[in-house]
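Q: Dock chain B against the given chain Z, drawing on the hints supplied.
In the order they appear, the protein sequences are chains Z and B.
Just so you know, the first sequence maps onto residues 1 to 417 in our numbering.
Just so you know, the second sequence maps onto residues 1 to 417 in our numbering.
In case anyone wonders, no lab produced these hints; they're calculated from the structure.
Wrong hints could be hidden among the right ones.
If chains are identical, the list can't say which one is meant, so a pair holds when it fits in one copy or spans any two.
[Said to hold, decoys possible] In silico lysine-lysine, DSS-like type, Cα no more than 27 angstroms apart, as pairs:
#: 1; residue 1: 410; residue 2: 40
#: 2; residue 1: 62; residue 2: 225
#: 3; residue 1: 347; residue 2: 147
#: 4; residue 1: 180; residue 2: 140
#: 5; residue 1: 147; residue 2: 279
#: 6; residue 1: 325; residue 2: 218
#: 7; residue 1: 347; residue 2: 72
#: 8; residue 1: 81; residue 2: 225
#: 9; residue 1: 6; residue 2: 267
#: 10; residue 1: 410; residue 2: 279
#: 11; residue 1: 62; residue 2: 147
#: 12; residue 1: 81; residue 2: 360
#: 13; residue 1: 218; residue 2: 62
#: 14; residue 1: 6; residue 2: 347
#: 15; residue 1: 380; residue 2: 410
#: 16; residue 1: 77; residue 2: 62
#: 17; residue 1: 62; residue 2: 325
#: 18; residue 1: 180; residue 2: 267
#: 19; residue 1: 410; residue 2: 325
It should be emphasised that the depicted structure is a prediction, and the values quoted were computed from it without experimental measurement.
2 protein chains.
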Amino acid sequence: MKLDIKYIDGGICAAKGFKASGMYCGIKKPANDDPSIKHKNDICLYTSDVLCNAAAVYTQNKVKGAPILVTKANLEKSGNKAMAVIANSKNANTCNADGVEKADRMCELVANELNLPKEQVIVASTGVIGQILPIEPIEKAVPVLAKALDYGKNEEAATAIMTTDTVKKEYAVEFTLGGKTCHIGGMAKGSGMIHPNMATTLNFITSDCVISAELLQKALSDIVKITYNCLSIDGDTSTNDMVVLMSNGLAQNDEIKEHTEEFEIFKSALFEVMGELTKMLAKDGEGATKLLACCCYGATDVDKAITVAKSVICSNLFKCAMFGKDANWGRILCAIGYADAEFDINKVGVEIGSEFGIIKVCENGAGVDFSEDEAAEILKSDEITINVYLNEGDRCATAWGCDLTYDYVKINGDYRT
Amino acid sequence: MKLDIKYIDGGICAAKGFKASGMYCGIKKPANDDPSIKHKNDICLYTSDVLCNAAAVYTQNKVKGAPILVTKANLEKSGNKAMAVIANSKNANTCNADGVEKADRMCELVANELNLPKEQVIVASTGVIGQILPIEPIEKAVPVLAKALDYGKNEEAATAIMTTDTVKKEYAVEFTLGGKTCHIGGMAKGSGMIHPNMATTLNFITSDCVISAELLQKALSDIVKITYNCLSIDGDTSTNDMVVLMSNGLAQNDEIKEHTEEFEIFKSALFEVMGELTKMLAKDGEGATKLLACCCYGATDVDKAITVAKSVICSNLFKCAMFGKDANWGRILCAIGYADAEFDINKVGVEIGSEFGIIKVCENGAGVDFSEDEAAEILKSDEITINVYLNEGDRCATAWGCDLTYDYVKINGDYRT
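Only chain Z is shown next, with the shape it has when bound in the complex (with noise of 0.2 angstroms):
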């Protein structure tokens, strides 16, 4: 199989037929000297010019924020079709009594705005959990951002997902099925409470290929979890994560049918965008100042090695250790040592890496000498690789998350006000 992905510009407007707008409406009022607030626009509305085809997967905590509610049932209601998406940020719209109301209300509006039934809008929200969501700022932005639709706008909605994000999220990439060229692109939003549990954060991502709802469904949750599932940030698994992807069939491929070398394509077309922009999302972790990433080698199977790698990801202790750029590999052990999987400990291997170089730390379960001053000038990178051995299969996976600093904690020591 060839595969020919490469990377372009253009997000969630990648894929042909896609308009995308985004504004500041006043969900809450900006202090200007907030450091925490990155981006001012707080809105965003996205559509496709046909009717598509819509998977989506969505947070595993008991507390769902009324977003999620809605577009699940909207989507049930459409048959997984989907026109449009509204998303704010700033406020969850969560444990909020008149949640769900607000959250079909805004549904109602974009509904109206563009002349769909109101099954076919989905909605998302990201912020601060538990205050009520001022629906007036939405009821006049809706018109506003309708006006404003546009195929080249895919920045303007990235950036109005952001909550404590430093950058914005967007990937795109470009292949070809059957002598067509397709696309597939996405945006997402960090920054923290990122610990996604069978979805994530909020991801939206847009396709043209011909595909049914059903083999998009199956192709974002396989990918969902060896990209997003595979991401922490701290521990916490938010209430309303949501990955949606939509195809519109724009690129008139043929229909791209299960078991056939045109999905695998797909697949990794895809699993290109939602990897490139986990590691985006952890490389701008709260706080952050290193992207992570934990490659698990030699497991029996891809379950095991995804537990293993999370475990030493998930590590306060390892995540301090690699903020002071120090090789403390115990902790690297400790957290393997407490990953819930079956393996033989005195089998496991550890190296430490970067751009800077590669070094064993520790063997058959067991350290090994190593230059500290070698050591000390790989940690010097801001882009860390742990790679852990278990000796026991030919399987892998790979985490990702980032290392726990001053700033995490003063971002989230008064993130409300």
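A: Positioned in the frame of chain Z, the structure of chain B alone reads:
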């Protein structure tokens, strides 16, 4: 059942017939300007005048410190009898190729000096993982420690097991069984890598009751579940966790039997000691400024209550909010929501309290109006309690932890130097 359990001084020497000693032997060179080293002592010994029945629980981490392996083997060989305990800090003797040999040698040194069978000696180590333990300083120290053993030297031992602890942790109680005065006392070390799983960080409990090793083990396992196992400082389950409980029978009470009032009294006294040590560990968590307790009420069973309470206590976001005195209750509900337990989130209520007052912040899974000024006043306290009401049953449990602060990051950014 009348409970008359009162606090007394004396720590591990409160029970009749227990002597202790502690000293600095030079396991790690002290950096006089290193603020993380709060106390110089690095090794201690304690013994009973007569042979004890012993019970222990150990870490569930697959990576097990060599002292864990040696202690376990010794207690198996001795039929759960023990006379002496040797423990060091500054080096965990874990993940070292010669670890078991060195831990065994520590037992041998004590056995030779005190003229005991080696298998009656318990060994424990705490500190950095993966650094070779220097045995020479310990060889020189054991005769000195043996000579210095005395009934009143519990504090010398309690300070010798400190790592990043800022205060020693000791607690003891006196109670009566059948007219005989009995005692249980203990000491513990914190302060990081604390997320006990079926065991906990180093904790040493002594008693003078007449009780079989089997019943000691039963009591210990029961009480560990609702004390140390309900504690989390940073989510990291250590490789060297161990609680050991020894009882020498010198109180001369009639032997405690199962299913009796006496066994309940013994367990209550043990709960008092282990519960207080748990709170001390939480309050002195690395970098902590606040002791946090989460009491979960109205659960259908205790395990569920523990799961929910621990989920809140472990949330980094909640811990940061408490550090920042921010009544961001959405994070509490979020953590309740991702707890791995079945209950109806729409019935959940939450209160935040301290000695300065208590406020309801959430009812039926949704926020309620509260005064931010009142909340700010409550959160000024250095001991915060979160009450969670599941409103489904009549069982409850409490979990303990601490806030996440700049100092936690600082301490763990460069622990090894």
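Q: If a hint holds in the structure, say so; if it does not, say that too.
A: So, going through the hints one by one against the coordinates:
1. For a Cα distance limit of 27 angstroms, the shortest separation of residue 410 from residue 40 inside one copy, 21 angstroms, qualifies, whereas the shortest one across copies, 32 angstroms, does not.
2. In this assembly of identical chains, the alpha carbons of residue 62 and residue 225 lie at most 27 angstroms apart whether taken from the same copy (19 angstroms) or from different copies (25 angstroms).
3. For the homomeric pair residue 347 and residue 147, neither the shortest alpha-carbon distance inside one copy (62 angstroms) nor that between copies (43 angstroms) is at most 27 angstroms.
4. Taking the shortest alpha-carbon separations for residue 180 and residue 140, neither the intra-copy value of 41 angstroms nor the inter-copy value of 79 angstroms comes in at or below 27 angstroms.
5. For the homomeric pair residue 147 and residue 279, neither the shortest alpha-carbon distance inside one copy (34 angstroms) nor that between copies (59 angstroms) is at most 27 angstroms.
6. Proximity of residue 325 to residue 218 under the C-alpha cut-off of 27 angstroms is found in neither arrangement, the shortest distances being 40 angstroms within a copy and 44 angstroms between copies.
7. In the homo-oligomer, the alpha carbons of residue 347 and residue 72 lie at most 27 angstroms apart only across protomers (22 angstroms), although the nearest pairing inside one protomer, at 45 angstroms, exceeds that limit.
8. For the identical chains of this complex, residue 81 and residue 225 are intra-copy neighbours only, at 23 angstroms inside a copy versus 50 angstroms across copies, given an alpha-carbon limit of 27 angstroms.
9. For the identical chains of this complex, residue 6 and residue 267 are intra-copy neighbours only, at 14 angstroms inside a copy versus 66 angstroms across copies, given an alpha-carbon limit of 27 angstroms.
10. Taking CA atoms no more than 27 angstroms apart as the test, residue 410 paired with residue 279 passes in both settings, with 23 angstroms inside one copy and 26 angstroms between copies.
11. In the homo-oligomer, the alpha carbons of residue 62 and residue 147 never lie at most 27 angstroms apart, since the shortest distance is 37 angstroms inside one protomer and 60 angstroms across protomers.
12. In this assembly of identical chains, residue 81 and residue 360 lie within 27 angstroms of each other by CA distance neither inside one copy nor across copies; the values are 51 angstroms within and 42 angstroms between.
13. Taking identical chains as interchangeable, the C-alpha atoms of residue 218 and residue 62 lie at most 27 angstroms apart only when both belong to the same chain, with a minimum of 23 angstroms there against 35 angstroms between chains.
14. In this assembly of identical chains, the alpha carbons of residue 6 and residue 347 never lie at most 27 angstroms apart, being 39 angstroms within a copy and 50 angstroms across copies at closest.
15. Taking the shortest Cα distances, residue 380 and residue 410 sit within 27 angstroms of each other both inside one copy (23 angstroms) and across copies (17 angstroms).
16. Taking the shortest alpha-carbon separations for residue 77 and residue 62, only the intra-copy value of 22 angstroms comes in at or below 27 angstroms, while the best inter-copy value is 48 angstroms.
17. Within a single copy, residue 62 and residue 325 get their C-alpha atoms only as close as 37 angstroms, which misses the 27 angstroms cut-off; across copies the closest is 26 angstroms, which meets it.
18. When the C-alpha separation of residue 180 and residue 267 is checked against a cutoff of 27 angstroms, the pair qualifies only within one copy, where the shortest distance is 16 angstroms, while the shortest distance between copies is 73 angstroms.
19. For the identical chains of this complex, residue 410 and residue 325 are neighbours both inside a copy (20 angstroms) and across copies (12 angstroms), given an alpha-carbon limit of 27 angstroms.
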